[in-house]
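Protein chains in written order, with our numbering: chain F, 1 to 140; chain Z, 1 to 343.
Hints in this document: simulated from the structure, not taken from any laboratory. Treat the hints loosely; a few may be bogus.
[As the list claims (entries may be wrong)] Restraint ranges, calculated between C-beta atoms of paired labels, are given here: (1) Z/Q153 x F/I138: 50 to 60 Å; (2) Z/R157 x F/I114: 22 to 32 Å; (3) F/I138 x Z/V226: 49 to 59 Å; (4) F/D88 x Z/R198: 50 to 60 Å; (5) Z/R105 x F/K37: 47 to 57 Å; (6) Z/V226 x F/R42: 42 to 52 Å.
Backbone N, C-alpha and C define an ideal beta-carbon position, used for all residues, glycine too.
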Amino acid sequence: MSSVRTPSAPPAPPIPEWSRLVGDALKQYGAWHTYGKLMEARAAYPNDLSLRGYTEIIRNTIVRDFMSHPKGMQMVPKLSAEFLTNFDRFNLSAQEGYLVSLIDGRLDLQKLLILSPFDQFTTLFNLAKLQHERAITIPQ
Amino acid sequence: MNNYTIAENLKSPIAIITERGAVAWRNHAFAQQFGTDAQQWLKEGVRAVAGESGWLQGFFVSDDEQRTVDVEIEGRTYRVERILAVADYGEPAVALWFEDVTAQREMEQAKSDFTSMIVHDLRGPLSGIQGTLEFVLSQEGSKIDSVYTDLLQEAQRESERMMALINELLDFSKIESGNFTVESEPIRMAGILKRAVRSLQSVASRDEIFLLTAHGRDVPQIVGSVEKLTQAIINLISNSLKFTPKGGLISVGAQIVRNGESPEAIVVTVTDSGMGIKAAEIQQIWEKYKQTRNKSLRGGGGTGLGLYIVKQIVEAHGGEVTVASIEGVGTSMVVRLPVKRAA
């Protein structure tokens, strides 16, 4: 009795231990740095489904931190002095540019979410990014 | 003692069957169990019925080396497993292992029928209780004392939880009994996500959790069941709600995976800022009756079937599920659904 065996497939490249790597990066370098690294990793591992999940966990962390401002939904974003004097320095995406056009120093977060054409999470993430890049400030 | 001698004396029936359904070799147990009549039902296994290949043909056309099927033979149910492909008989042949699982399958069927019956009998009265509570609580200008209103609201919440558990059990019994089919209607995934988020928004607000959508309007259509996919997303959000603390955030997103210009798949993510899952438990969460050791923050432990049902629904749509989690930071449930065009 002889068996027919199919040739074994070449070994797949090892998948990094994302949970530990992302957790460590988050502790050491913060959410924005980790987010940048995850976007690079996604280009290297386009078919890794869990990597999308880790990216979403970090985006979620960024948005939750942004919303934890003491004034919550009543926070009023303002354009920063740096942005007003030197806006060419800021390389804004189309979505960020649109949101910047809504910020007048009077509209609070709740109203901005209503006026924004983007979904709530995307709006909040873009506002958090604008704050991180110092294009907007949020007075306490 | 060579391999043949070992196989010859095993207590389970084993035989080498050719592609045409002929017995090329059999052990003692096979001869005792099936005698000389085996040829008859093996020929049936080769015949295609209504365009579907016979069970025996499946072992020759499938690439799955570990393939097993349940086969009715002379009034009993046998689990037939392919051990290996054999090349010594002038035509393709396979060594098959037959295990009598009649008693086991009967017990499973009885268990499933019983669950189904119990669940139906519980749902009726519970729907009545929910309707009554809803009616009483909706009366404007009611003279009910606020203490009683709180108690009635508590009763309403608990009845909702009980209904969710019963529905999970009902879906589980459908899956286990094989009565789980997926329709092929064109569906808008963006609508499903919105509906699922809307249905749990009041629960999230009550628990002071932000529940946000994170997808645009251009999510492509897929083919499947609106009802089942909505339920899968609701199960995922409900699970996140259980493990997310007050002030936390749950986002429900959809991304499009493209192959060139055309959309190939939709990736749905339900992400929370909960306590995360221990690395050792991460792959077990999709199994039935499995729950993480991390205690749920609210709503008790549940049946341990919610995520198992999600996996069954997604796989029935040709998709896959996975999970990403960082302890103390959050968890993201990831669902990939292929974009198929309606026929």
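For each hint, the structure was consulted:
1. Z/Q153 x F/I138: 50 to 60 Å: Between Z/Q153 and F/I138, where Cβ atoms are some 36 Å apart, the hint is violated.
2. Z/R157 x F/I114: 22 to 32 Å: Holds: the Cβ-Cβ distance is about 30 Å, inside 22 to 32 Å.
3. F/I138 x Z/V226: 49 to 59 Å: Given range 49 to 59 Å: violated, Cβ gap about 41 Å.
4. F/D88 x Z/R198: 50 to 60 Å: At roughly 42 Å between Cβ atoms, Z/R198 and F/D88 fall outside 50 to 60 Å, so the hint is violated.
5. Z/R105 x F/K37: 47 to 57 Å: Since the Cβ atoms of Z/R105 and F/K37 sit about 51 Å apart, the hinted range of 47 to 57 Å holds.
6. Z/V226 x F/R42: 42 to 52 Å: Between Z/V226 and F/R42, where Cβ atoms are some 30 Å apart, the hint is violated.
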